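As a plain string of letters, each chain reads:
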Amino acid sequence: MVRAMNALTTLPPGVDEALGLAGQLDDALLHGFARLGDEHRDRLEALAGVFEGSPLGPAVAEAVAAVGRSEFVARSFLTLASARVALLGAAHDALLAQAREALGRPSPPAEEPTPRPAAGSAALLASSQQWLSELAIAGLSHLEETTVAPFAATLENLQADPDLTGLAALLTGFVNELMRHAPASKSASLPSFRWGDLWSAAMVRTHQVPGSPTFREAEGVLTPLGLDVQAHENFACFVLYGLFDDGEARTVRVPFSGYKVDAIAGAEAWDLFGDVAEPVLKALDGRKTLRVARAELRADGDLILRSPPEAAGAADPFGLADRLTATPPPPALYRHPVHIAEPVKLPRGHGLPIATERIPDGSELTKDVAGEATELIGLLRFDRGGWRVQPLCAGTRKKYAIAGGELTAARKKLKNRSLDVLKERSSRLLRGS
Amino acid sequence: MRERASVVEGGRPAGRRTVKDVPFVELSGGRVQGVVSSGSDVERVYVSFVESGGGYSCCTNNNRPCGGLRGAPCKHIHELVDEAILQFGAARVAAYLGVADGPPPEDARTLLGGLRGDERKESPGVVFSRFLSYLRYCELQARPGTVLEMGWFAP
Ligand SMILES: [Zn+2]
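So the sequence lines, in the order shown, correspond to chains A and B. Quick note on numbering: the first sequence equals residues 1 to 433 in my numbering. Quick note on numbering: the second sequence equals residues 434 to 588 in my numbering.
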């Protein structure tokens, strides 16, 4: 396994170039298309050159020519965003193939659900596209609070449509982050690559509404591997990684997703998920497996719990780690290295850096615990130009540490429940106003 | 070479808020503004703000003036700013209010003490409706499943 991880120290051909080309678009995005200099134009033309002969080629060439003449239409920005997404998508595919080859693990096929017709949301999507275009024209390094504020009404409408959850959660986080940095002229440094990611991901998602993955009903035993916490001020997506055995064992994601207010964070945010979540947290605390019934096993690797699972026997994640499988890749439009989360078991001395940016405050599985582990189960991640590992489960001499194992104890210490208080305020004032 | 980072730390609240006392606080339009619960009447909330330069206001959601304003920010405004510091961090709140020099003030008393401004008379309607739209987040429905897009937002 150490040798397998050594195979990851050299990037697959083309990945570094793809990231570099994306960075050239990011420079223009930061600078503002309304004030492109010759050096920006040259770099955009080089970007167009890379796409020559590909299906996107003519559109990218046309978009680069148009913005070069200062003709700014949303379609050009959508094309430039698609180009960046295609570069990162190709990097995703190459990196994932590299990881799976190193692990000797076959790749399950991707499912491409048919996009839904935009129908009622067409105007909303067009208005989002328009605002994203305006951001690009003005340039993110010239960002002011007033650049962002006018988008609030559209954003509220996006949030109200559950079919647009992905785009709305993304744009909400992006808007919050832009507000934190406004005025950008006063910010010491701006996360240009990240903003290029967020801008282009949002832009391509204004083009179509994602379809639903297929699923079948399933029951079986779930061995928790640890929790992946993703959240911004107004949305939480907590993903329990686990090994699900219904006769055949496979890696699954058990997701808990929902909108929230900024005041509800950390352990308290689990209040959003009620009865179904509580046994999951208890199982993490007690190192137990869960018996799952009438759940929805989706082709994309999600296992959706529809009812509270029951605690079963003692969990042995390290003993079962040889049965970890790859989860299916996302649909093509959604591929980006940030979505790579390949579950692996690693021995001491694996040599990969720990993805500390993904460890939540208060986690029992800290960087130090992960560093001292006798063996480690984690998610192989790619960021900052290299592979890293997000710890899920760390073997120690006593009982193992697991990401999320601390939450039951942390929740016992919570005094009043913010969500209850706000719901009470909300019912009193929303009706009374 | 500049680091190509997709996921960065940041955006974690600086501390744990008490929504019972201050259900809503935001930085918007050059103001720290929000809604503070009345200590005595559960039906009543105060709508308060303090702005860059030090101007301030506090009244009930029915636009009755706050009795605590006697030529200076009342206790509601102090509570509001303390909660803003918990949510956004002292440095950002101070910078937002134009107090950029020196170490960030650690509490509302120090921060407000450094501002000189007058009372502003304004309808509480705008802030109150922002509060109601904030509460909307408690009622929004998300599509079940992993929200792939959240992969960019580590905790
Ligand atoms: Zn007052």
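Be aware that one or more of the hints could be misleading.
Reference excerpt, derived from the structure (chain A facing chain B, CB under 8 Å, subset only) [said to hold, decoys possible]:
#, residue
1, 36
2, 204
3, 221
4, 302
5, 304
6, 308
7, 312
8, 384
9, 422
Covered stretches of chain B, as calculated for chain A (at least 3 residues, CB under 8 Å) [as the list claims (entries may be wrong)]:
#, stretch
10, 446-458
11, 574-582
It is worth saying that the hints were derived from the structure and are not from the lab. It should be emphasised that the depicted structure is a prediction, and the values quoted were computed from it without experimental measurement. Ideal Cβ positions, reconstructed from N, Cα and C, are used throughout, including at glycine.
Hint check:
no.: 1; hint: 36; verdict: violated, 19 Å
no.: 2; hint: 204; verdict: violated, 11 Å
no.: 3; hint: 221; verdict: violated, 21 Å
no.: 4; hint: 302; verdict: holds, 5 Å
no.: 5; hint: 304; verdict: holds, 5 Å
no.: 6; hint: 308; verdict: violated, 15 Å
no.: 7; hint: 312; verdict: violated, 24 Å
no.: 8; hint: 384; verdict: holds, 5 Å
no.: 9; hint: 422; verdict: holds, 5 Å
no.: 10; hint: 446-458; verdict: holds (count 7)
no.: 11; hint: 574-582; verdict: holds (count 9)
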